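J.: Below, each chain spelled out in residue letters.
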Amino acid sequence: MFGGTLMFNIIYSEFAKLKKSYILIIVFISGCLLPGIYFSDAITNDFSNLSQVEIQHCIKNQMINVEALSFQFLFIIVFSLVIGYVFTREFTDKTANILYTYPSSRIKIFIGKFITVGILIMITYLIQFFISYLVVYIEFRVLPPAEFIIKDIKVNIYSVLLQLILIPIPVLIANITKNIIIPIVYGALGGIIGLGVMTILMSGSIYGQICPLVLPALPFYHYHRGDPIDYIAVVGSAVITFGISMFLCIYHSKNSDVN
Amino acid sequence: MLNLIYCELLKLKKSYIMLLIIIGGVFSTILMNLAVLVVSSEKQRSFESYASNVEQLNFVIFYTILFSLISAYVFSREFADKTSSIVYTYPMSKIKIFIGKLITICILISLVYLVEFVSIYLGYYILYHEHPEFTFVSNHIKFYLYSLFFQFLIIPIPILIGNLSRNIMLPVVYGAVGIVISGVHDSFVFGEYLPFSIPFNFIKKIYEPNLIDLNYSVISGICCFVISMFICMYHYNKHDIA
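Protein chains in written order, with this note's numbering: chain F, 310 to 568; chain Y, 58 to 299.
Check the hints yourself; a few may be wrong.
As the list claims (entries may be wrong) - Computed footprint of chain F on chain Y; a stretch qualifies when at least three of its residues, placed anywhere within it, have a C-beta under 8 Å from a C-beta of chain F:
| no. | region |
| --- | --- |
| 1 | 68 to 77 |
| 2 | 80 to 91 |
| 3 | 121 to 133 |
| 4 | 213 to 227 |
Claimed, not checked - Far from chain F, by Cβ distances over 10 Å, these chain Y residues were calculated:
| no. | residue |
| --- | --- |
| 5 | Ser106 |
| 6 | Tyr147 |
| 7 | Tyr170 |
| 8 | His188 |
| 9 | His197 |
Stated by the list, open to error - Using 30 Å as the maximum straight-line C-alpha spacing, the simulated DSBU-like pairs for lysine-lysine come out as follows:
| no. | chain 1 | residue 1 | chain 2 | residue 2 |
| --- | --- | --- | --- | --- |
| 10 | F | Lys329 | Y | Lys68 |
| 11 | F | Lys563 | F | Lys326 |
| 12 | F | Lys403 | Y | Lys151 |
| 13 | Y | Lys71 | F | Lys563 |
| 14 | Y | Lys70 | F | Lys403 |
| 15 | F | Lys403 | Y | Lys295 |
| 16 | Y | Lys139 | F | Lys326 |
| 17 | Y | Lys71 | F | Lys326 |
| 18 | F | Lys403 | Y | Lys71 |
| 19 | Y | Lys199 | Y | Lys262 |
| 20 | Y | Lys151 | Y | Lys70 |
| 21 | Y | Lys295 | F | Lys328 |
| 22 | Y | Lys70 | F | Lys487 |
| 23 | Y | Lys139 | F | Lys329 |
| 24 | F | Lys463 | F | Lys369 |
| 25 | Y | Lys151 | F | Lys329 |
| 26 | F | Lys328 | Y | Lys139 |
| 27 | F | Lys326 | F | Lys417 |
| 28 | F | Lys369 | F | Lys460 |
| 29 | Y | Lys71 | F | Lys329 |
| 30 | Y | Lys68 | F | Lys487 |
| 31 | Y | Lys139 | Y | Lys153 |
| 32 | F | Lys326 | Y | Lys68 |
| 33 | F | Lys563 | F | Lys329 |
| 34 | Y | Lys151 | Y | Lys295 |
| 35 | Y | Lys139 | F | Lys487 |
| 36 | Y | Lys139 | F | Lys403 |
| 37 | F | Lys403 | F | Lys326 |
| 38 | Y | Lys68 | F | Lys403 |
| 39 | Y | Lys139 | Y | Lys295 |
| 40 | F | Lys563 | F | Lys328 |
To be clear, the hints were calculated from the coordinates, so they are not data collected in a lab.
None of these values were measured; they are calculated from a predicted model.
Cβ coordinates follow ideal geometry from the N, Cα and C atoms, glycine included.
This is chain Y alone, in the form it adopts within the complex (with noise of 0.2 Å):
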């Protein structure tokens, strides 16, 4: 097991992936600061109100489509450069491959939240040369945590519409969509299930810990998860090599 995900991270070495998980941490990051310096017209923001700030911009739009472009790239690669030939001549099942490639994946997204919990910290000591209390950085870590674990729930789906379409495109137009429903979800019948929002629901929790209620994303979050990884595995055993 350990030399298939090393081996899926080895082929990543060439392609362009590195590179999105930097600036996938770093850009909003960089955004922020160059608005406050810019623009904006108070300048002595609190951490609270700097970290939530890049945390929306970040969690609710770029990571949704990020992260199926991820999942996506590592399953459909191999149907793109024809190598899927290849894959199944490993000594290993169709489920190893699929868990090799899902873990390499849950790498790839918590490389991410490192490299954005560092650059939020590093960019709010640029900006005051001050840093927040041991306490809230403790608080932040957990909930950050709970984040990660149900962003790995709902990885998934776009394995899955990656999967069926062979195809890096139709995952990025999931990742798309789910952001403008996730924009205006209010206004559905089951907005409170959808599966887009959940991971921001938990760093949400941090900065308004009595408004938002995390059944809902909890309870979605492991349908979603269930459902769409039996289908996954179901579809990887059964399909077509090429």
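For reference, chain F alone in the conformation it holds in the complex (with noise of 0.2 Å):
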């Protein structure tokens, strides 16, 4: 693919980068968070004397719970986190010289640094979908119908295509500041506006599905909602934010200065 054996040494060194750093216990951590706090809530009550149509039920409220709370809150602070460090790491630590003596353009450093966030992205989504089966299973002793799974899985992964659209805008903060702080900040704010949406969407009213921070939720309330998606806004809100957005990132990472 992108110019063969090169682009996959970028990847594999933007790796061995991440090795030293917290990024990839952060990763961890915000997979299992979720899942793990409705574990703990789940181990102090005591589902013996239920049937097991409410066992399903119970089961079904909390895969939902933690996918909406993260899908829609958690994931985009982290990721924000994760960006900021991958793209800014170059600038505070002072490596950024070193980096584009690489024998490759820096369009490819650039798509190289995407495709590694990409990837961690994924990482933190199979975590997730990984440990509240698990989590699950340990508390039931039983797993939800299959046709759930099979939804949830669709679920996921159209929930990971729409998050890497969103990827560009952090990426964009972090090169024109050269800090990781204002991604941050970034992060805190769409949470907030997430949880805003949530409100409006939650109460039956489509028109929050304009705001591009709420894409990665969409699939979320389409599949387990059964909630209608005005895909002229979707589809449009998803392309005018990645086109304007990379453009910018890709303007701006090809005609900046080094330091």
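With the hints in hand, could you dock these two chains into one complex?
T.: Printed below as a string of structure tokens:
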């Protein structure tokens, strides 16, 4: 694909840079956090006198709560932190000079970092998916029915793909400010806006779908709650968000000064 | 001591912290005003409902992260910018440097509270051209001061995490974890004693005086301060410089 082995080397070197940082721990914690909280809630309750139907209801509730909170609130904070770190560590550790002596163009380095972040995001989703089913199995000794799991896999895959659309925004902020603080603040503000939009979506209105920050949570609303999706607004906001911010990112990373 | 605090504040001049303080104070009010103007069905709101909504957004979500970010930045910038060897050549003991940084953080947090307090009244005045009566305002100020004091008491926890990891990231993750845990804290056995929601409990006391029991908050705030401050001091005194 993108220039054969060279691209692979760039991604490999990005992962090697992450080895000594806290990023992998953070990815692991954020994947386990919400299932863990609901697990610690559930072990204090007694489920032995519930019927099978009630247990299935409990399980679905728990899975849906975990996904709603993480897609709409937690992940935007964690991923802006990860993105901020991956893109600004070159400036804070003063290794930007070394980075641009690699025999590959700036665009390729940028895309390499982008793919690295994408892989980290996918790892987070995978961890959360498996941990939440593991937790459910430990609590109730039973798994949800197969069609629910298939639906859940669909929700997670669509959500990851839509999450990739939002990456360029914090990347652009990180590249312009050369600092990890502002991307984190973007994440926190995004979390607030996400929660605000969640109240609008939960009340049944579809106007909240215009906000691009809510994109990763839309598959959840569509499959688990059966909300209709306004495809024109959603596709429009996705394309505009990704197009504009990616263009600005590539333009900026091509033309900016090294230090 | 005054020189130390002055020099800490000078270090912040070129960073984004001052911008953060203004964003942190004003953002939720602007968001709330937009929501009232554009989305909400009820156009006329009482000041209590307006202010409690803004404060809920701020104290429950935003400030947990913002204050851990600020306190982690003030302490860990010495490691990130490799200036910690310069800090320890000041003719001061390590404890004094620590307390100077702590007071700097307290000043920054008080600024955020001040900006937020003013922005709430301004935002309400811009929307409805009214302001609440004076007895409510004095009550509001009193509980803001309590809340601010207890915010100071729980600040050593992110400082400790920042000092141990020498990094700005883990304190931010502590903030995010704190938000999520305080969102579902009713389910925990000792949920009332969790430190994350202490400052907001004091704010809630204004609007629901009979429902909130502050004893848990006071006990856990003081315990948090004593324990984490002790570990902080010990670690800051003993750890290696660079």
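J.: Decide, hint by hint, whether the structure agrees.
T.: Verification of the supplied hints:
1. Remark: the region 68 to 77 of chain Y is confirmed as covered by chain F, as 4 of its residues place a Cβ nearer than 8 Å to a Cβ of that chain, reaching the required three.
2. Only residues whose beta carbon comes within less than 8 Å of a beta carbon in chain F count, and the region 80 to 91 of chain Y has 4; three or more means the coverage holds.
3. For the region 121 to 133 of chain Y, the proposed coverage by chain F is satisfied: 4 residues have a C-beta within less than 8 Å of a C-beta in that chain, meeting the threshold of three.
4. Counting residues of the region 213 to 227 of chain Y whose C-beta lies closer than 8 Å to any C-beta of chain F gives 5; at least three are required, and the coverage claim holds.
5. In this structure Ser106 (chain Y) is separated from chain F by more than 10 Å, as the shortest Cβ-Cβ distance comes to about 15 Å.
6. The claim that Tyr147 (chain Y) lies off the interface holds: its Cβ sits roughly 24 Å from the closest Cβ of chain F, which is beyond the 10 Å cut-off.
7. Distance check for Tyr170 (chain Y) against chain F: the nearest CB is about 17 Å away, which clears 10 Å, and the non-interface claim stands.
8. Under the 10 Å C-beta cut-off, the non-interface status given to His188 (chain Y) relative to chain F holds; the minimum distance is some 25 Å.
9. Every Cβ of chain F is farther than 10 Å from the Cβ of His197 (chain Y); the closest lies at roughly 22 Å, confirming the non-interface assignment.
10. Proximity of Lys329 (chain F) to Lys68 (chain Y) is assessed by CA-CA distance (about 28 Å); at most 30 Å being required, the pair is judged to hold.
11. Restraint check: the Cα-Cα separation between Lys563 (chain F) and Lys326 (chain F) comes to about 22 Å, which is no more than 30 Å; the hinted pair holds.
12. About 28 Å separates the Cα atoms of Lys403 (chain F) and Lys151 (chain Y), which keeps this hinted pair within 30 Å; it holds.
13. For the suggested pair Lys71 (chain Y) and Lys563 (chain F), the alpha carbons sit about 26 Å apart, so the restraint of at most 30 Å is met.
14. With a C-alpha separation of about 21 Å, the suggested pair Lys70 (chain Y) and Lys403 (chain F) falls inside the 30 Å cut-off, and the hint holds.
15. In summary, the hint linking Lys403 (chain F) to Lys295 (chain Y) is supported, as the alpha carbons are separated by about 29 Å, within the 30 Å threshold.
16. Our distance criterion of 30 Å between C-alpha atoms is met by Lys139 (chain Y) and Lys326 (chain F), whose separation comes to about 19 Å.
17. Proximity of Lys71 (chain Y) to Lys326 (chain F) is assessed by CA-CA distance (about 28 Å); at most 30 Å being required, the pair is judged to hold.
18. A distance of roughly 18 Å separates the Cα atoms of Lys403 (chain F) and Lys71 (chain Y); the hinted pair therefore holds under the 30 Å criterion.
19. For a cut-off of 30 Å, the pair hint linking Lys199 (chain Y) to Lys262 (chain Y) stands: about 11 Å separates their Cα positions.
20. At most 30 Å may separate the alpha-carbon atoms for a hinted pair to count; Lys151 (chain Y) and Lys70 (chain Y) meet this at roughly 23 Å.
21. With a C-alpha separation of about 27 Å, the suggested pair Lys295 (chain Y) and Lys328 (chain F) falls inside the 30 Å cut-off, and the hint holds.
22. Our distance criterion of 30 Å between C-alpha atoms is met by Lys70 (chain Y) and Lys487 (chain F), whose separation comes to about 16 Å.
23. Restraint check: the Cα-Cα separation between Lys139 (chain Y) and Lys329 (chain F) comes to about 18 Å, which is no more than 30 Å; the hinted pair holds.
24. Pair hint Lys463 (chain F) plus Lys369 (chain F) holds up; C-alpha atoms about 15 Å apart against a cutoff of 30 Å.
25. Taking the CA atoms of Lys151 (chain Y) and Lys329 (chain F), the gap is about 28 Å. The hint holds against a cut of 30 Å.
26. Restraint check: the Cα-Cα separation between Lys328 (chain F) and Lys139 (chain Y) comes to about 21 Å, which is no more than 30 Å; the hinted pair holds.
27. Restraint check for Lys326 (chain F) and Lys417 (chain F): the C-alpha separation of about 17 Å stays at or below 30 Å, so the hint holds.
28. Distance restraint check for Lys369 (chain F) and Lys460 (chain F): the Cα-Cα separation of roughly 12 Å lies within the 30 Å cut-off, and the hinted pair is therefore satisfied.
29. Taken as a hint, the Lys71 (chain Y) and Lys329 (chain F) pair is honoured in the structure, with Cα atoms around 29 Å apart against an allowance of 30 Å.
30. As the CA atoms of Lys68 (chain Y) and Lys487 (chain F) are separated by approximately 17 Å, the hinted pair is consistent with the 30 Å bound.
31. With a C-alpha separation of about 20 Å, the suggested pair Lys139 (chain Y) and Lys153 (chain Y) falls inside the 30 Å cut-off, and the hint holds.
32. Of the supplied pair hints, the one linking Lys326 (chain F) and Lys68 (chain Y) holds, its CA atoms being roughly 29 Å apart against a limit of 30 Å.
33. At roughly 28 Å between alpha-carbon atoms, Lys563 (chain F) and Lys329 (chain F) fall within 30 Å of each other, so this suggested pair holds.
34. The hinted pair formed by Lys151 (chain Y) and Lys295 (chain Y) meets the criterion: a straight-line CA distance of about 10 Å does not exceed 30 Å.
35. A threshold of 30 Å between alpha carbons decides the hint, and for Lys139 (chain Y) with Lys487 (chain F) the separation of about 17 Å falls inside it, so the pair holds.
36. With a C-alpha separation of about 11 Å, the suggested pairing of Lys139 (chain Y) with Lys403 (chain F) holds against the 30 Å cut-off.
37. Straight-line distance between C-alpha atoms of Lys403 (chain F) and Lys326 (chain F) comes to about 13 Å, which keeps the hinted pair within the 30 Å bound.
38. Our distance criterion of 30 Å between C-alpha atoms is met by Lys68 (chain Y) and Lys403 (chain F), whose separation comes to about 19 Å.
39. Note on Lys139 (chain Y) and Lys295 (chain Y): the hinted pairing holds, with a Cα-Cα distance of about 19 Å set against a maximum of 30 Å.
40. Proposed proximity of Lys563 (chain F) and Lys328 (chain F) is supported: the alpha carbons are some 27 Å apart, at most 30 Å.
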